[in-house]
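*Asks:* Sequence:
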Amino acid sequence: MNTECANLLSFLSGELGEKDKKAFAEHLIQCSECTREYEQMTEAWDSLKWDFEEKEPSSSLKSEVMNFVFETDDEVPVRRGKKWSGFFFKQFTPVTSGILLAVLVLVFVLLYSNIQLKKELAAINLPMEVKTALSLQPANKTAVNMKTDGAAYILQQGEERRLIVQIQNLPSLQDSEVYQVWLLKDGKRRNAGTFKPDEAGTGSLTYKLSIDDKFNQIGITKEPDSNSTKPRGEKIVGSS
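Counting from 1, one number per residue, gives the positions in the sequence shown under full-length UniProt numbering.
It is worth saying that the hints were derived from the structure and are not from the lab. Take these hints with a grain of salt, some might be off.
Pairs of lysine-lysine, DSS-like flavour, derived with a Cα cap of 25 Å [what the hints assert, rightly or not]: (1) K230 with K208; (2) K141 with K235; (3) K188 with K131.
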């Protein structure tokens with residue numbers, strides 16, 4: 001193989017300039033080895049189906065692949081790698097074998113991505129059930145006068161639970177003030193997050209419940225900022 005034969009890949013990928021491209025086209029007519037490799041690579045490339053939809057690999061793909069690599073016996077992949085590489089190099093030229101191996105890796109990644117996507121879609125399609133609904137009533141004079149009220153719901157989808165809080169006619173806040181949601185059980189409080197209402201006084205909060213989040217009452221207080229680890233402000237609404 002002479003130096004002009006080394007330009008085969010660049011010719012196929014369109015990286016050659018017009019002058020070099022024309023020169024290699026003339027060389028291709030005269031060189032039987034380049035002609036054979038060109039025909040094999042073109043046939044392999046044209047036989048691929050490119051009608052799949054591109055999907056973003058899941059965030060866990062990298063860690064799962066790395067875990068597989070380090071948990072598998074080192075000798076087995078080496079033997080398998082030699083066996084497969086020997087097979088490809090016997091059937092095709094080195095350049096063609098490299099391209100086919102790269103295509104196989106790409107197909108594996110795409111198939112894995114589609115499997116993960118189907119699992120995620122299946123999880124999304126699980127029915128959502130309302131497990132608990134609590135009425136939230138005004139807890140001070142200001143809230144009573146403004147007719148502040150709302151509701152809290154526990155929604156369950158598969159094994160996942162979420163708390164949804166919706167309040168209307170909330171008193172306005174000043175500067176860094178926030179409304180903070182507390183989960184209460186046996187006199188103990190757990191912080192479930194903070195929120196600020198819109199200009200109409202309507203506020204909402206979505207909180208993902210963990211296994212440890214067990215409660216039978218909800219209270220919402222007006223706090224001076226979002227750093228409260230226990231209530232510092234007055235209670236605005238709560239469940240009975």
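*Asks:* Hints first: check each against the structure and report whether it holds.
*Replies:* Evaluation of the provided hints:
Annotation: proposed proximity of K230 to K208 holds, straight-line Cα distance about 20 Å (limit 25 Å). Between K141 and K235 the alpha-carbon distance is near 11 Å, which keeps this suggested pair within the 25 Å criterion. Note on K188 and K131: the hinted pairing holds, with a Cα-Cα distance of about 22 Å set against a maximum of 25 Å.
Violation of the numbered hints given earlier is absent; every hint is satisfied by the structure.
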